[in-house]
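Numbering (our numbering), first residue to last: 654 to 1119.
What the hints contain is simulated information worked out from the structure, not anything from laboratory work. Worth double-checking, as some hints may not be accurate.
[To be verified] Listed below are the simulated BS3-like cross-link pairs for lysine-lysine, each with C-alpha atoms no more than 30 angstroms apart in a straight line:
1) 964 to 1044
2) 904 to 754
3) 904 to 892
4) 768 to 749
5) 1117 to 1073
6) 749 to 795
7) 1026 to 1073
8) 954 to 1025
9) 1026 to 1109
10) 867 to 888
11) 809 to 941
12) 904 to 867
13) 749 to 904
14) 945 to 688
15) 964 to 904
16) 867 to 892
17) 954 to 964
18) 1022 to 1109
19) 1044 to 1073
[To be verified] Label-pair restraints from in silico Cβ distances:
20) 654 to 759: 21 to 27 angstroms
21) 854 to 724: 22 to 28 angstroms
22) 925 to 765: 45 to 51 angstroms
23) 904 to 854: 26 to 32 angstroms
Note that CB positions come from ideal geometry on N, CA and C, so glycine has one too.
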Amino acid sequence: MTVTRFAPSPTGYLHIGGLRTALFSWLTAQHNGGKFLLRIEDTDLSRNSDEALDAIIRAFDWVGLHYDGEVVYQSQRFELYTKYINQLLDEGKAYKCYMSKEELTALREEQMANKQRARYDGRYRDFDGTPPEGVAPVIRIKAPLEGDIIFSDGVKGEICIASSEVDDFVIARADGVPTYNFVVAIDDALMGLTQVIRGDDHLYNTPKQIVVYKALGFALPEFYHVAMINNEEGKKLSKRDGATDVMEYQKLGFLPEALLNFLVRLGWSHGDQEIFSLAEMIELFDPKNINKSASNYNMDKLLWLNAHYIKNMPHDKLAKLLVSYGVEVEGHDRLEILLDATRERGKTMVELAEQVNIILNAPSEYNPKNAKKAFKGDASDIIQGFAVMLKEWETPLHLPSEYHAVLEKFVETKEIGFGKIGQPLRVALLGSMTGSGLDEIMAIVGVDETISRIAKAIEFISNKES
RNA sequence: GACCCUUUCAUCUAGUGGCCAAGGAUAUUGCGUUUUCAACGCAAAAACAGAGGUUCAAAUCCUCUAAGGGUCGCCA
654 MTVTRFAPSP
664 TGYLHIGGLR
674 TALFSWLTAQ
684 HNGGKFLLRI
694 EDTDLSRNSD
704 EALDAIIRAF
714 DWVGLHYDGE
724 VVYQSQRFEL
734 YTKYINQLLD
744 EGKAYKCYMS
754 KEELTALREE
764 QMANKQRARY
774 DGRYRDFDGT
784 PPEGVAPVIR
794 IKAPLEGDII
804 FSDGVKGEIC
814 IASSEVDDFV
824 IARADGVPTY
834 NFVVAIDDAL
844 MGLTQVIRGD
854 DHLYNTPKQI
864 VVYKALGFAL
874 PEFYHVAMIN
884 NEEGKKLSKR
894 DGATDVMEYQ
904 KLGFLPEALL
914 NFLVRLGWSH
924 GDQEIFSLAE
934 MIELFDPKNI
944 NKSASNYNMD
954 KLLWLNAHYI
964 KNMPHDKLAK
974 LLVSYGVEVE
984 GHDRLEILLD
994 ATRERGKTMV
1004 ELAEQVNIIL
1014 NAPSEYNPKN
1024 AKKAFKGDAS
1034 DIIQGFAVML
1044 KEWETPLHLP
1054 SEYHAVLEKF
1064 VETKEIGFGK
1074 IGQPLRVALL
1084 GSMTGSGLDE
1094 IMAIVGVDET
1104 ISRIAKAIEF
1114 ISNKES
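Between the sequences and the hints, there should be enough to build the whole structure, so can you do that?
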C-alpha cells in the first residue's frame, strides 16, 4: 500500500511551499488509495512550540487535507531511537567521537581554506585508546569510505554522490538526543513509507539517510525531490514577498480550492489543463510528472483562479462564506440578485465583500470627478423625473427585469438615451461611475432606498450650485 | 571554495528525435459586447540560455561554457 507523509518541524506556521509538498504527498496517497501520515519533527527540543503545531493543523483543515491515523511525534520516540543507536554501537557501525566543538570548527575552517568540502575527518572512527577527559562524546555513524552512493530520484533521475562527500555524521548529540537524518530514516522506514516526497533542499540529506537505511537493514522508499518555489523575481520566497503563511490566504480572501489548484500547477501539469477540482487532481496526479526545475510564484494566476472559483461557486455556499468576511444579507431573492451582480467583480472574497457593501450602503460621498461629470446639465431633473416615475409605477417592483422596464419606459418617454440617465443614476446610487448593473442595484436596495438615494444626490447637486 | 541540481514566451507550462517556421494558460495590447466597470468572446505580441558535436532530421541525445538554485551543523 502507498504510504506518504508530511513531516514539518513545529517552528512556525505552515508555509506555502510546505503546503505544496504536502499536497503532492497527499494526492499520491489518495490516487493510490493509500495513507497520508503526519509526523512532527521535534527532536530539537529547544525550538518547538505547540502553537506552531496548531497552526499547521488548522491550515490543513482549512484547505481540506486530512491525515490518516495519529500524529507521530518524534520527541515521544526517543527510546526507540536510542535502541537503534545502541544496536549500531554494538555492531560497530557507529562509534563515539570525542572531538570538541572547537576542534571541529578549526577543522572546517582549514578545509574551507584548502578549497575542500567541509566534513568530519573520521579521526575517532577506529579509536581504541583512552578517551580525552571532559568531553561528552557524540555518536557518529560509519559512512562508506569508498565508492558512490547512488539512488534514483523520481523527479531528478539518477543521483550519484561520491562516498567521500558523505562524512561520518552525528546520529546522537552529546546529551544523547538523536539527530534529524537518523530519526527521519528510522521513522520513514518504520512508518512504512513507500514514497518520500519533499523539498529538494533535502536532496543532500538523502545519501546520509541511505547510510542509516543500509546500517539498519531497512528497505528504501522511492524519493521525490521537488524544486523550490521562488518569488516573482525568481529569488527565494521570503516574508517580504507577501503571504507565505497559508492561513494568511484565508484572511486575504482566497478560496482553498483556488490555492490548491494554483499550487498543484506549480511544478506539475497534465497537458493543457489549468482547472483541477480536488477529485481531478486525485485522479490525474502522478509524482513522476513533477518538474525538475524551480518555479516562480505568480500572484496574477492565483487571483485568476480565485476569481474563477468565486464565479463558479454555488450561491448558498458563497453566501455562507461571505458571512466570515463580514457580510450578511436578508432575503433569498435579494441575495441571489446581489451575488449575480457582484460575483464577477471580485477576485477575492475581500473584494467581493467590498462590492456587496458598496451596493448595500448608501454612498457617504460622491467621487468628485465622477460627480462633476455625471451631475452636470439637466442630470438633476432627469433623475428627479425617474424617481417620480418609480414612485408612481403601478405594478410591484422586485426583479431587475421589472426595474429595467421602468428605465426603458423612462428613456422612451423622455426621448433620451440610456447614457443620459445611466451616469447620473449610477453616481447617485453608488457614488461612483463604475459598478454593477443599475437594474440589479435597484432591485437589491428596493424602491424606497433608490428614491432616497436619488433625493440625496439632488440635494447634493443643488447645494453645489447655490 | 567543494559537491549536487536546474535552464522553452514577462510568468506557469505542453513537448520524451520527424506531427514544432514550438501549443495552452496568466499577465499585456487591440477589437467586440455593455448605460459604466467587471465578466465574457475574438485577435495580436511574446520563448527553445550560448557554442560545438551525433543524426537524413535536434527544443528533445552528448560535450563544454554561462546564469540561477541547493547543500556543506551536536538545525530540521
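Structure-based check of all given hints:
For a cut-off of 30 angstroms, the pair hint linking residue 964 to residue 1044 is broken: about 35 angstroms separates their Cα positions. Proximity of residue 904 to residue 754 is assessed by CA-CA distance (about 45 angstroms); at most 30 angstroms being required, the pair is judged violated. For the hint pairing residue 904 with residue 892, the CA-to-CA distance comes to about 16 angstroms; that is within 30 angstroms, so the pair holds. Taking the CA atoms of residue 768 and residue 749, the gap is near 28 angstroms; set against the 30 angstroms cutoff, the hint holds.
Distance restraint check for residue 1117 and residue 1073: the Cα-Cα separation of roughly 20 angstroms lies within the 30 angstroms cut-off, and the hinted pair is therefore satisfied. Our distance criterion of 30 angstroms between C-alpha atoms is met by residue 749 and residue 795, whose separation comes to about 11 angstroms. Using a Cα cut-off of 30 angstroms, the hinted pair residue 1026 and residue 1073 holds, with the two alpha carbons roughly 11 angstroms apart. Pair hint residue 954 plus residue 1025 does not hold up; C-alpha atoms about 37 angstroms apart against a cutoff of 30 angstroms.
For the proposed pair residue 1026 and residue 1109, the alpha carbon gap of about 17 angstroms is at most 30 angstroms, so the pair holds. A threshold of 30 angstroms between alpha carbons decides the hint, and for residue 867 with residue 888 the separation of about 37 angstroms lies outside it, so the pair is violated. Between residue 809 and residue 941 the alpha-carbon distance is near 10 angstroms, which keeps this suggested pair within the 30 angstroms criterion. Distance hint between residue 904 and residue 867 is unfulfilled; the C-alpha atoms sit about 47 angstroms from each other, more than 30 angstroms.
A threshold of 30 angstroms between alpha carbons decides the hint, and for residue 749 with residue 904 the separation of about 51 angstroms lies outside it, so the pair is violated. Of the supplied pair hints, the one linking residue 945 and residue 688 holds, its CA atoms being roughly 25 angstroms apart against a limit of 30 angstroms. About 19 angstroms separates the Cα atoms of residue 964 and residue 904, which keeps this hinted pair within 30 angstroms; it holds. Simply put, residue 867 and residue 892 have alpha-carbon atoms about 39 angstroms apart, too far for the 30 angstroms limit, and the pair is violated.
Between residue 954 and residue 964, the direct Cα distance comes to roughly 15 angstroms. Compliance with the 30 angstroms bound is thereby established for this hinted pair. With a C-alpha separation of about 18 angstroms, the suggested pair residue 1022 and residue 1109 falls inside the 30 angstroms cut-off, and the hint holds. This hinted pair checks out: residue 1044 and residue 1073 have alpha carbons roughly 20 angstroms apart, not beyond 30 angstroms. A hinted range of 21 to 27 angstroms for the beta carbons of residue 654 and residue 759 is inconsistent with their spacing of about 49 angstroms.
A hinted range of 22 to 28 angstroms holds for the C-beta pair residue 854 and residue 724, which are about 23 angstroms apart. Here the CB-CB span from residue 925 to residue 765 is close to 48 angstroms, well matched to the stated 45 to 51 angstroms. Taken as a hint, the range 26 to 32 angstroms holds for the pair residue 904 and residue 854, whose Cβ atoms sit roughly 28 angstroms apart.
Consistency with the previously given hints fails for numbers 1, 2, 8, 10, 12, 13, 16 and 20, ordered from lowest to highest.
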